[in-house]
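Enquirer: Please model the complete structure; the sequences and the hints are all you need to start from.
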Amino acid sequence: MEHFCLLTVENKLLSSKKEVSVNLGDDDMLSKYDSDLIAATQTVTECSSLIGALNYLGSLGWELAHITPVRIIGGTSNGTEEKYLMKRRY
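Just so you know, we're using the working numbering here: the sequence shown kicks off at 1 and counts up by one.
Treat the hints as calculated values from the structure; they're not laboratory data. All values reported here derive from a predicted model rather than from experimental measurement.
List time: in silico DSS-like cross-link candidates among lysine-lysine, alpha-carbon distance up to 25 Å:
1. K12 / K83
2. K18 / K83
3. K87 / K18
4. K17 / K83
Expert: Shown next as C-alpha coordinates:
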(Lines of atoms letter the chains of each structure in order from A and count residues from 1; the text may use other names and numbers.)
(Lines give C-alpha, C1' and ligand atoms only; values in the text may rest on other atoms or scores of the structure.)
Protein backbone atom coordinates (compact mmCIF):
# COMPACT_ATOMS: atom_id res chain seq x y z
CA MET A 1 0.00 0.00 0.00
CA GLU A 2 1.24 3.51 -0.81
CA HIS A 3 0.40 6.89 0.67
CA PHE A 4 1.10 10.23 -0.97
CA CYS A 5 1.76 13.77 0.23
CA LEU A 6 2.27 17.02 -1.65
CA LEU A 7 5.22 19.23 -0.72
CA THR A 8 4.83 22.81 -1.95
CA VAL A 9 7.74 25.26 -1.98
CA GLU A 10 6.92 28.87 -2.86
CA ASN A 11 9.71 31.24 -3.88
CA LYS A 12 8.80 34.86 -3.29
CA LEU A 13 9.90 37.38 -5.93
CA LEU A 14 12.93 39.43 -4.82
CA SER A 15 13.33 37.38 -1.65
CA SER A 16 15.47 34.43 -0.62
CA LYS A 17 12.78 33.27 1.81
CA LYS A 18 10.92 30.09 0.90
CA GLU A 19 7.49 29.08 2.15
CA VAL A 20 7.21 25.32 2.65
CA SER A 21 3.91 23.50 3.17
CA VAL A 22 2.77 19.88 3.09
CA ASN A 23 -0.61 18.37 2.28
CA LEU A 24 -1.21 14.84 3.54
CA GLY A 25 -4.66 14.56 2.01
CA ASP A 26 -7.10 12.49 4.04
CA ASP A 27 -5.39 12.43 7.44
CA ASP A 28 -7.87 9.84 8.75
CA MET A 29 -6.59 7.25 6.27
CA LEU A 30 -2.93 7.84 7.14
CA SER A 31 -3.57 8.11 10.89
CA LYS A 32 -4.75 4.50 10.94
CA TYR A 33 -1.17 3.54 10.15
CA ASP A 34 1.11 6.03 11.88
CA SER A 35 0.11 9.18 13.77
CA ASP A 36 3.79 9.83 14.66
CA LEU A 37 4.61 9.92 10.94
CA ILE A 38 1.93 12.56 10.39
CA ALA A 39 3.38 14.77 13.13
CA ALA A 40 6.95 14.31 11.88
CA THR A 41 5.99 14.98 8.25
CA GLN A 42 4.15 18.18 9.17
CA THR A 43 7.30 19.63 10.77
CA VAL A 44 8.82 19.90 7.27
CA THR A 45 7.37 23.42 7.24
CA GLU A 46 10.23 24.40 9.57
CA CYS A 47 12.76 23.77 6.76
CA SER A 48 14.08 26.93 5.13
CA SER A 49 15.27 25.37 1.88
CA LEU A 50 14.00 23.00 -0.77
CA ILE A 51 16.91 20.59 -0.34
CA GLY A 52 16.45 20.58 3.42
CA ALA A 53 12.75 19.76 3.02
CA LEU A 54 13.39 16.96 0.49
CA ASN A 55 16.18 15.47 2.62
CA TYR A 56 14.00 15.61 5.72
CA LEU A 57 11.06 13.87 4.02
CA GLY A 58 13.47 11.32 2.56
CA SER A 59 14.72 10.53 6.07
CA LEU A 60 11.11 9.72 7.00
CA GLY A 61 10.79 7.26 4.12
CA TRP A 62 9.04 9.53 1.59
CA GLU A 63 10.24 9.20 -2.02
CA LEU A 64 9.92 11.73 -4.82
CA ALA A 65 7.27 10.67 -7.35
CA HIS A 66 6.68 13.80 -9.49
CA ILE A 67 7.63 17.49 -9.75
CA THR A 68 5.35 20.25 -11.09
CA PRO A 69 6.76 23.79 -11.46
CA VAL A 70 4.22 26.63 -11.46
CA ARG A 71 4.85 30.31 -12.19
CA ILE A 72 2.70 32.67 -10.12
CA ILE A 73 1.84 36.00 -11.74
CA GLY A 74 -0.02 38.72 -9.89
CA GLY A 75 -1.36 38.71 -6.37
CA THR A 76 0.99 39.13 -3.47
CA SER A 77 3.55 36.47 -4.34
CA ASN A 78 4.73 37.12 -7.94
CA GLY A 79 7.18 34.26 -7.80
CA THR A 80 7.40 30.58 -8.53
CA GLU A 81 6.06 27.53 -6.82
CA GLU A 82 7.17 23.94 -7.11
CA LYS A 83 4.98 21.03 -6.12
CA TYR A 84 6.61 17.73 -5.23
CA LEU A 85 4.44 14.64 -5.08
CA MET A 86 5.96 12.30 -2.53
CA LYS A 87 5.04 8.67 -1.86
CA ARG A 88 5.66 6.27 0.96
CA ARG A 89 5.12 2.53 0.94
CA TYR A 90 3.64 0.67 3.92
